[in-house]
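Protein chains: 2
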Amino acid sequence: MVETVHHLPWTMDDRSIGWKALASNISDLAAMGAEPRWALITLSVPPHWTTERLEQVYDGLYACAAQYGVSLIGGDTTSAPEHLVLSVTAIGEVEAGRALLRSGARAGDVVFITGPLGLSAAGLDLLLRQHEAGTAEVAIEAAMAESLVQAHRYPLPQVACGQAMSAVHGLVHALNDISDGLASEAWEIAEASHVRIQLHKTAIPITAGLAKFSATVGRESLDYILYGGEDYQLVGTVATERAEELLATLRRVGASPAIIGMVQDGPSGVEWISANGSVEAIQKRGYNHFAKS
Amino acid sequence: MVETVHHLPWTMDDRSIGWKALASNISDLAAMGAEPRWALITLSVPPHWTTERLEQVYDGLYACAAQYGVSLIGGDTTSAPEHLVLSVTAIGEVEAGRALLRSGARAGDVVFITGPLGLSAAGLDLLLRQHEAGTAEVAIEAAMAESLVQAHRYPLPQVACGQAMSAVHGLVHALNDISDGLASEAWEIAEASHVRIQLHKTAIPITAGLAKFSATVGRESLDYILYGGEDYQLVGTVATERAEELLATLRRVGASPAIIGMVQDGPSGVEWISANGSVEAIQKRGYNHFAKS
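Quick note, the sequences are listed as chains C and A, same order. The letter at position 217 of the first sequence is residue 213 when you use our numbering, and the numbering goes up by one with no holes. The letter at position 107 of the second sequence is residue 103 when you use our numbering, and the numbering goes up by one with no holes.
Among the hints, erroneous ones may be present.
Put simply, identical chains are the same to the list, so a pair is met inside one copy or across any two.
The calculated SDA-like cross-link candidates involving lysine to any residue, where the alpha carbons are at most 25 Å apart (straight line), are [to be verified]: (1) Lys280 x Pro201; (2) Lys208 x Gln159; (3) Lys280 x Pro5; (4) Lys197 x Asp176; (5) Lys197 x Glu31; (6) Lys280 x Ser75.
Hint data in this document are derived by calculation from the structure and do not stem from the laboratory. Computed from a prediction, not measured in an experiment: that's the story for all the values here.
Given only the sequences and the hints, what does the whole structure look like? Please build it.
The structure is reproduced here in structure tokens:
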């Protein structure tokens, strides 16, 4: 987490910087079906960051560690010339042979997600619009706005989902966490598994909050879902005949999963299938730190 | 490793930034008697760093990893606004119950080091003087200068020493690596073990290169040794009656160890004992990132 790159004073409060840095690493473990166990924290601190602000960052780190049963066991603290840099290494455990990978998707699988997407990206967009134009410009209910902001600042990695899936040997063929948007993560599975992934446009769940926000600001909800990221839900594939078993497994741990597409043979790639059956390629892009935008 | 804090273009070449970042983490494992196994690399890259320069950094990382049998298994790459930040997490293994700690020093132990100190700090001082005043100002032999610079840029963590010591159960009572200078590291052992450490001024080995450099620039060799750091030698304590066995163990793995002091009862602290027997407190300082100098 690099100040100015991953967060600005008007998008993240200090506590959420700590929470999210650890949460995003725990999410990588969740995507392998692992149990998070330990984390190391490296913090580079510029002179203008006060002790009180750093305590907030640590408060967020400890809160996330406590929620997910992670022990903070080490790391390093150094000074920095200008910008706060927070780097987390998380370590977890999974039974030998049970780790879930991106590379096992097969033609005939269906594609699932563990919960709703696009909320974090909408929350970020809301925060940026409020900062630029003043709060009056974005006319959505306070409670709804707050839930989008919360999704951006305090995401919840899907550890229980990951572990429930790795516990049933062979149930899930491929799994990835959604840190950079659905398009980018589906592409990673498609390329690692050498398959073509077809997402059904009408099958993607859109929450009421996201729909309302998108309508208010005049953007497509699917843009936030495809290219926004940082929701830290999971996307994976499962054999069609075991899809119901998978959904039941995920619901048992409190998730709201959905089937959103299919896996086909063919060159690696990701496509949209519209309601009328038309096919459209989905670009391989998400949040890219080195893109010249 | 933070650009401007840990290195400047005239103190470290790009390849050495990678080497030293990994080496300093391997040194922490060496100080516990562990076998380094894996490392994760997190790199935040500002726009002005070219691919060619980054390849040099990775070249140094891979060279160090190969030399110490470490597998680079992951990490993260992000952009950065202005300064390169390189963070390494190293993971190693040690047999249960065999890890060496700072907390076991006992009154009656002698204090040892695994090799000569102060070379890295002298190399840094040389590089800074050359940058400020031009190379002609520091009149020491090129080969000697090169060896000091090499000590600063490509330090060698003492993994073989650490493992040889942890292999003999109970031989070493306390161990620490010297990353921030002998004073600071001896203080860490004294505080963790609740003992007083007495260092014998005349027992500290000073290499010919360091002596020559110190004389040329008009500084005390012991200043580099006490407060310089980054040599990544090890300092520890051993029962007096097993000191010879320890020295033989270290020499077998190619080290040039020395006995430099004693452990006494009393309030935690570190002292100098001069040739005439006078006692002088050694301040608890080393390289401190947050010191206002």
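How the hints compare with the structure:
When the C-alpha separation of Lys280 and Pro201 is checked against a cutoff of 25 Å, the pair qualifies only within one copy, where the shortest distance is 21 Å, while the shortest distance between copies is 60 Å. Taking the shortest Cα distances, Lys208 and Gln159 never come within 25 Å of each other, neither inside one copy (33 Å) nor across copies (62 Å). Taking the shortest Cα distances, Lys280 and Pro5 never come within 25 Å of each other, neither inside one copy (30 Å) nor across copies (37 Å). Proximity of Lys197 and Asp176 under a CA criterion of 25 Å is satisfied intra-copy only: 19 Å inside one chain copy versus 58 Å between copies.
For the identical chains of this complex, Lys197 and Glu31 are neighbours neither inside a copy (33 Å) nor across copies (51 Å), given an alpha-carbon limit of 25 Å. In this homomeric assembly, Lys280 and Ser75 come within 25 Å of each other (Cα to Cα) only across copies, at 19 Å, whereas the closest approach inside a single copy is 37 Å.
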